[in-house]
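Protein chains in written order, with full-length UniProt numbering: chain A, 1 to 343; chain B, 1 to 343; chain C, 1 to 343; chain D, 1 to 343.
Just so you know, these hints were derived from the structure itself, not from any lab.
Mixed in with the good hints there might be a few duds.
Pairs count within a copy or across copies, as identical chains cannot be separated in the list.
[Unchecked claim] Result set (PhoX-like, lysine-lysine): computed pairs, CA atoms no more than 25 angstroms apart in a straight line:
#, residue 1, residue 2
1, 184, 66
2, 117, 250
3, 299, 164
4, 162, 185
5, 333, 44
6, 185, 250
7, 3, 141
8, 254, 44
9, 168, 250
10, 206, 250
11, 85, 164
12, 66, 185
13, 3, 23
14, 3, 85
15, 51, 254
16, 141, 266
17, 299, 333
18, 262, 85
19, 104, 3
20, 333, 138
21, 66, 104
22, 185, 163
23, 44, 262
24, 66, 141
25, 85, 254
26, 185, 44
27, 92, 168
28, 111, 163
Protein chains: 4
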Amino acid sequence: MIKASIIGASGYTGIELIRLLLKHPDVEISSIISSSNRDIPIEKTNPQFKKILNLTFKEFDADLIKEADVVFCALPHGVSQEYVKLAYDLGKVVIDLSSDFRYKDLARYSKDYGEHKYTNLISESSYGLCEIYREEIKSSKIIGNPGCYPTSAILGLAPLLKKKLVQKDSIIIDSKSGVSGAGKKSDFAYSFCEVDENFKAYGVAKHRHTSEIEEKCSFLYGETLNISFTPHLLPVKRGILSTIYATLTKNLDKNDLIEIYKQFYKDEFFIRIYEDGLPELKYVTGTNFVDIGLEVDRKTNRVIVISCIDNLIKGAAGQAIQNMNIKFSLNEKTGLVMAGEYF
Amino acid sequence: MIKASIIGASGYTGIELIRLLLKHPDVEISSIISSSNRDIPIEKTNPQFKKILNLTFKEFDADLIKEADVVFCALPHGVSQEYVKLAYDLGKVVIDLSSDFRYKDLARYSKDYGEHKYTNLISESSYGLCEIYREEIKSSKIIGNPGCYPTSAILGLAPLLKKKLVQKDSIIIDSKSGVSGAGKKSDFAYSFCEVDENFKAYGVAKHRHTSEIEEKCSFLYGETLNISFTPHLLPVKRGILSTIYATLTKNLDKNDLIEIYKQFYKDEFFIRIYEDGLPELKYVTGTNFVDIGLEVDRKTNRVIVISCIDNLIKGAAGQAIQNMNIKFSLNEKTGLVMAGEYF
Amino acid sequence: MIKASIIGASGYTGIELIRLLLKHPDVEISSIISSSNRDIPIEKTNPQFKKILNLTFKEFDADLIKEADVVFCALPHGVSQEYVKLAYDLGKVVIDLSSDFRYKDLARYSKDYGEHKYTNLISESSYGLCEIYREEIKSSKIIGNPGCYPTSAILGLAPLLKKKLVQKDSIIIDSKSGVSGAGKKSDFAYSFCEVDENFKAYGVAKHRHTSEIEEKCSFLYGETLNISFTPHLLPVKRGILSTIYATLTKNLDKNDLIEIYKQFYKDEFFIRIYEDGLPELKYVTGTNFVDIGLEVDRKTNRVIVISCIDNLIKGAAGQAIQNMNIKFSLNEKTGLVMAGEYF
Amino acid sequence: MIKASIIGASGYTGIELIRLLLKHPDVEISSIISSSNRDIPIEKTNPQFKKILNLTFKEFDADLIKEADVVFCALPHGVSQEYVKLAYDLGKVVIDLSSDFRYKDLARYSKDYGEHKYTNLISESSYGLCEIYREEIKSSKIIGNPGCYPTSAILGLAPLLKKKLVQKDSIIIDSKSGVSGAGKKSDFAYSFCEVDENFKAYGVAKHRHTSEIEEKCSFLYGETLNISFTPHLLPVKRGILSTIYATLTKNLDKNDLIEIYKQFYKDEFFIRIYEDGLPELKYVTGTNFVDIGLEVDRKTNRVIVISCIDNLIKGAAGQAIQNMNIKFSLNEKTGLVMAGEYF
């Protein structure tokens with residue numbers, strides 16, 4: 001059994017990691033670390049775990065890390081790198097769910113997140129977008145788990161980018177996310193009476209996930225790309241749907257592109273390409289799937305890609321486990337095959 | 001592997017049965033039967049099953065039943081008994097999710113549901129409320145899976161009734177259910193614009209689940225009970241919370257009653273008693289648990305019990321699987337242990 | 001024009017008062033007072049008022065009260081009485097939306113809310129439940145605007161109580177409220193991810209509105225009543241639906257009772273009695289109406305009353321304006337006649 | 001008093017027209033016509049009108065039109081033109097809420113909606129987008145009330161188009177609408193369990209509102225434009241938020257553009273330009289306002305415009321009344337000034 005320790009275990013991502021790891025046949029959760037909930041049994045703070053998990057939140061202690069094989073850091077950026085460093089120095093596999101190890105270009109990172117203290121660790125890290133970076137992940141000790149918006153956007157665009165089927169500066173990503181993406185907060189902006197029956201854009205032309213998307217898309221395209229990215233807040237708990245626009249460089253129709261996507265992702269279990277119809281948010285919520293559909297607008301020569309994920313699973317905890325599976329040479333699907341509840 | 005056939009597989013309960021059976025290590029779904037969707041692959045009607053389940057809905061055919069070990073009937077009452085009879089005659093274990101085999105007193109049944117055509121089968125059937133009727137279930141070939149409201153109400157009341165701790169005619173059950181309880185329908189009353197931001201009572205003083213609740217509660221109490229039951233429609237997809245009022249016959253406080261409940265359900269994995277706090281709907285949605293808490297109102301000498309279930313799981317598909325586990329001598333928890341998504 | 005000043009104008013009740021007063025033809029809002037938002041134009045904090053209201057929140061200042069004819073206090077209890085006293089001493093009509101002037105029996109008040117500092121003002125005050133206390137309201141300078149739950153409960157019960165048609169200790173009030181009833185808060189318990197798709201009871205057997213309900217119902221009944229009251233939190237923004245149970249003392253059927261209710265409320269514009277069907281939450285949200293329907297359960301001899309209000313309107317701001325209309329001898333309906341948006 | 005008759009009065013738009021006209025000081029509703037609800041009092045089908053409106057749905061009869069001054073047609077396209085013709089022939093002002101009189105180019109109309117039977121009436125009609133076509137409206141007897149999506153899109157783009165500040169083929173409109181936009185339907189796709197917690201795009205690259213948007217935007221721009229338009233279904237009852245992307249032709253920053261918008265709409269009461277922040281859906285729901293904000297993305301030289309309306313008010317019934325006000329030389333704001341409920 002792989003022993004897993006979760007640091008920052010009481011946030012939404014931490015709790016989702018726990019819920020998913022409980023279904024994993026090869027993992028034992030060795031410790032759940034949360035200073036704000038230290039010494040409280042998880043069934044008190046999260047009664048959904050009553051009779052399911054008999055663990056108590058612990059204050060951080062290096063000994064808890066020592067006894068683990070894999071460490072998941074579900075902490076805010078900046079804070080996270082301290083614990084990543086520590087776990088790395090103890091020789092552990094570290095999967096970091098913050099933005100601290102997502103970037104190769106630290107100038108991009110610093111602009112959005114401030115100075116990085118452990119720049120020498122960047123070369124030891126890989127970007128944990130499994131379908132694209134599987135080989136790098138296998139050989140890294142630190143995995144920077146991707147952001148939720150970037151996961152939906154990059155995977156939705158990858159076949160087009162890799163084959164340069166779209167014009168360089170034509171990409172627009174209009175994303176809509178459920179509220180859990182904001183994390184566990186008492187913030188008034190996320191109170192029920194504010195969010196219910198509402199909808200809004202936020203961070204327009206300045207959201208920090210833009211640089212992460214641009215770095216990875218540029219890499220796939222082979223040139224530096226500037227991308228417009230607009231996130232919106234949906235009145236739902238979970239899920240991201242990204243509507244992606246790009247101008248085609250060739251005269252391709254829907255069937256051509258579907259074939260290209262199917263070929264590109266032919267070995268990827270977690271990518272589902274829609275030949276007919278388009279994905280909807282609820283088809284993926286509760287799962288690790290990325291559902292992708294598309295249409296071509298002849299008149300404007302644009303492709304419109306719809307890419308859906310569950311922000312807490314493929315966009316966070318599920319992809320983290322997928323990364324762990326890769327790293328520990330398990331079948332990548334282990335513990336992650338499930339149909340969503342839907343209703 | 002137990003081979004399972006589901007008749008009426010395309011409704012909400014049928015789909016939930018499929019989703020849950022996919023997690024069951026000892027079951028193989030041998031056929032999914034739905035005349036309205038015949039010959040359509042399930043991934044077309046329900047894309048959440050893409051890459052998860054490669055089955056096609058079939059028209060009913062006795063041969064499909066013959067190759068199964070267990071038959072789940074998820075059909076409307078009246079229609080259901082025809083298929084139950086047929087499967088029974090073929091020697092199969094039949095778990096019927098309609099109301100056709102829930103009653104012992106057919107006068108009660110007929111008053112609410114019309115004439116029963118196979119009255120001789122009643123003696124072959126048991127009421128599938130696992131925690132109360134486990135022994136009868138083991139020795140029956142037909143199991144009448146309980147209604148969703150009755151499951152939440154009876155299990156919430158059982159310890160009080162069995163020990164006659166409440167006055168005979170004092171019981172009031174005020175229940176609130178999510179919309180999936182109404183089944184898969186195009187009915188205008190269940191359209192989004194009608195239900196969203198709304199709340200209403202329905203079937204007041206005449207809902208058909210009243211007679212099912214009364215029959216089973218009377219049996220537990222040892223006298224015929226008249227009970228007030230009021231269902232309400234919540235603007236949520238799933239879950240039932242019942243607020244149950246009864247006047248105590250003895251001077252008991254909260255701790256006394258909690259102790260009695262804990263003792264009564266001490267061997268029941270799926271019953272969770274709250275010593276502190278009270279259950280909320282989201283603690284159980286997505287699970288087979290029944291969460292029960294209570295308070296005593298000294299001033300009025302009433303106990304107020306809060307009982308929560310997921311109407312589609314413990315109130316339908318999950319309990320059906322629990323019944324199958326009992327019937328096939330599996331560990332009762334098999335395939336049914338999971339924490340809810342919560343957010 | 002009546003000049004109105006609102007103290008505590010930035011909370012949910014304060015904002016709703018402003019929104020409703022803008023529709024009132026005889027009122028001019030002279031000041032909106034909120035220390036936490038002082039000197040901020042309301043269109044900045046609440047953009048829904050852009051181009052509608054050109055006012056700026058002010059810090060409290062007695063001069064603002066002096067220039068007003070009526071003062072609405074939308075402050076927390078305890079704090080509120082200080083401002084009520086001050087406005088009263090300045091000779092103003094004061095409508096207090098806190099619990100500070102709702103009680104006649106200060107022992108009840110103190111038990112739930114702590115000591116009252118201005119006990120001598122109680123005799124100057126009346127309980128602002130317009131349909132029942134209209135005459136007292138006309139002759140008082142301080143009006144204690146009723147709580148939201150009590151408004152729905154007392155008006156739903158009044159005809160039964162006044163005529164002693166129900167057994168003394170048989171009354172149970174099972175109420176369900178939208179989230180705005182909790183007020184404007186950054187409390188985690190009211191965050192979207194907690195409330196959405198959830199439902200729960202709270203304050204069971206100890207909610208403070210119980211004593212307010214009991215005092216007023218006892219007064220109507222002519223004897224001291226003990227009542228069970230259970231509030232629940234609905235995942236909707238606004239509205240209260242109370243399901244009220246009581247055992248009848250006489251053999252009355254639905255039609256008899258409907259007739260009694262219609263007679264009792266025959267001059268009350270804001271009370272709508274349902275002869276057929278039952279009210280639903282959305283029929284009243286956005287309005288000052290109280291919608292009441294009922295059924296009789298022959299078997300148990302109970303009446304089940306459904307009483308619906310908008311917690312922010314008839315349960316707070318609307319009733320406050322209705323009280324103002326009474327006090328200033330305006331037609332009681334002025335500014336308060338509107339159909340709800342419904343969808 | 002202007003006498004108004006509403007044909008198709010029982011749909012969502014018809015009901016909203018009734019609700020709004022009740023607030024209009026110069027209008028009396030002379031008849032509400034709905035064959036499916038004929039002879040049923042509106043308070044039976046829509047209890048929110050109890051005590052508010054004492055009218056009964058009527059079967060269509062030309063006499064009902066004769067006694068009206070203005071006729072609102074809230075019928076499906078194709079059917080609507082028959083009644084428009086009839087009312088026009090009777091000399092009435094007709095405001096048609098279908099798509100039948102929105103187009104000048106009947107080739108566009110026919111492609112999306114089929115053949116038009118009264119092509120000679122097109123020249124008698126004007127497009128009822130008040131802020132842009134006020135003069136034409138004044139002199140037309142038939143007003144084609146704009147679609148909901150086109151209203152949000154065209155008004156969001158008009159200043160940019162009129163001044164040719166954006167590149168011809170760069171416009172992308174990503175719109176998100178509440179469910180009431182689909183009309184009153186028993187369609188399974190709009191059932192609560194399908195829509196709740198879900199989100200999806202639909203009609204991608206083929207929605208019929210595209211041609212309406214293109215015709216009007218081309219007119220404003222002075223050249224034929226091809227525009228990408230993607231509608232999405234939000235799990236809310238009402239409101240449309242459009243996120244509009246376009247590439248700037250000049251080096252303009254946010255302040256420049258805000259100034260241009262403010263200038264362009266300086267006399268328009270119902271347009272609210274956001275200098276700081278961006279509009280959210282709830283700021284406009286329940287109102288006739290169009291709230292517009294924008295950001296400029298330097299890196300990509302794109303402007304991102306956020307344009308919000310209430311689809312049933314400014315997107316349908318409210319704009320219809322605004323058109324009536326224009327046509328009858330009333331103050332355009334009459335009956336339409338209100339702040340939204342927000343919570």
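Right, here's what the structure says about each hint:
For the identical chains of this complex, residue 184 and residue 66 are neighbours neither inside a copy (28 angstroms) nor across copies (45 angstroms), given an alpha-carbon limit of 25 angstroms. Taking the closest pair of Cα atoms, residue 117 and residue 250 never come within 25 angstroms of each other, the shortest separation being 45 angstroms inside a single copy and 41 angstroms across copies. With identical chains, the CA atoms of residue 299 and residue 164 are at most 25 angstroms apart both within one copy (21 angstroms) and between copies (21 angstroms). Taking the closest pair of Cα atoms, residue 162 and residue 185 never come within 25 angstroms of each other, the shortest separation being 38 angstroms inside a single copy and 44 angstroms across copies.
Proximity of residue 333 to residue 44 under the C-alpha cut-off of 25 angstroms is restricted to the inter-copy arrangement: shortest distance 23 angstroms between copies versus 31 angstroms within a copy. For a Cα distance limit of 25 angstroms, the shortest separation of residue 185 from residue 250 qualifies neither inside one copy, at 46 angstroms, nor across copies, at 41 angstroms. Proximity of residue 3 and residue 141 under a CA criterion of 25 angstroms is satisfied intra-copy only: 16 angstroms inside one chain copy versus 44 angstroms between copies. In this assembly of identical chains, the alpha carbons of residue 254 and residue 44 lie at most 25 angstroms apart only when taken from different copies (19 angstroms versus 51 angstroms within one copy).
Within a single copy, residue 168 and residue 250 get their C-alpha atoms as close as 13 angstroms, and across copies as close as 20 angstroms, so both meet the 25 angstroms cut-off. In this homomeric assembly, residue 206 and residue 250 come within 25 angstroms of each other (Cα to Cα) only across copies, at 21 angstroms, whereas the closest approach inside a single copy is 31 angstroms. Taking the closest pair of Cα atoms, residue 85 and residue 164 never come within 25 angstroms of each other, the shortest separation being 38 angstroms inside a single copy and 54 angstroms across copies. In this assembly of identical chains, residue 66 and residue 185 lie within 25 angstroms of each other by CA distance neither inside one copy nor across copies; the values are 30 angstroms within and 42 angstroms between.
Taking CA atoms no more than 25 angstroms apart as the test, residue 3 paired with residue 23 passes in both settings, with 14 angstroms inside one copy and 24 angstroms between copies. With identical chains, the CA atoms of residue 3 and residue 85 are at most 25 angstroms apart within one copy only, with a shortest distance of 19 angstroms there and 51 angstroms across copies. Taking the closest pair of Cα atoms, residue 51 and residue 254 come within 25 angstroms of each other only across two copies (22 angstroms); inside a single copy the shortest separation is 50 angstroms, beyond that limit. Proximity of residue 141 and residue 266 under a CA criterion of 25 angstroms is satisfied in neither setting, with 28 angstroms inside one chain copy and 46 angstroms between copies.
Proximity of residue 299 to residue 333 under the C-alpha cut-off of 25 angstroms is found in neither arrangement, the shortest distances being 41 angstroms within a copy and 39 angstroms between copies. Neither within a single protomer nor between protomers do residue 262 and residue 85 lie at most 25 angstroms apart by alpha-carbon distance, with minima of 39 angstroms and 47 angstroms respectively. For the identical chains of this complex, residue 104 and residue 3 are neighbours neither inside a copy (29 angstroms) nor across copies (52 angstroms), given an alpha-carbon limit of 25 angstroms. For the homomeric pair residue 333 and residue 138, the shortest alpha-carbon distance inside one copy (16 angstroms) is at most 25 angstroms, but the shortest distance between copies (36 angstroms) is not.
For the homomeric pair residue 66 and residue 104, neither the shortest alpha-carbon distance inside one copy (28 angstroms) nor that between copies (60 angstroms) is at most 25 angstroms. Taking the closest pair of Cα atoms, residue 185 and residue 163 never come within 25 angstroms of each other, the shortest separation being 41 angstroms inside a single copy and 44 angstroms across copies. For the identical chains of this complex, residue 44 and residue 262 are inter-copy neighbours only, at 17 angstroms across copies versus 46 angstroms inside a copy, given an alpha-carbon limit of 25 angstroms. In this homomeric assembly, residue 66 and residue 141 come within 25 angstroms of each other (Cα to Cα) only inside a single copy, at 15 angstroms, whereas the closest approach across copies is 54 angstroms.
For the identical chains of this complex, residue 85 and residue 254 are neighbours neither inside a copy (47 angstroms) nor across copies (42 angstroms), given an alpha-carbon limit of 25 angstroms. In the homo-oligomer, the alpha carbons of residue 185 and residue 44 lie at most 25 angstroms apart both inside one protomer (18 angstroms) and across protomers (24 angstroms), since each shortest distance falls under that limit. With identical chains, the CA atoms of residue 92 and residue 168 are never at most 25 angstroms apart, being 40 angstroms at best within one copy and 55 angstroms at best between copies. In this homomeric assembly, residue 111 and residue 163 never come within 25 angstroms of each other (Cα to Cα): the closest approach is 30 angstroms inside a single copy and 35 angstroms across copies.
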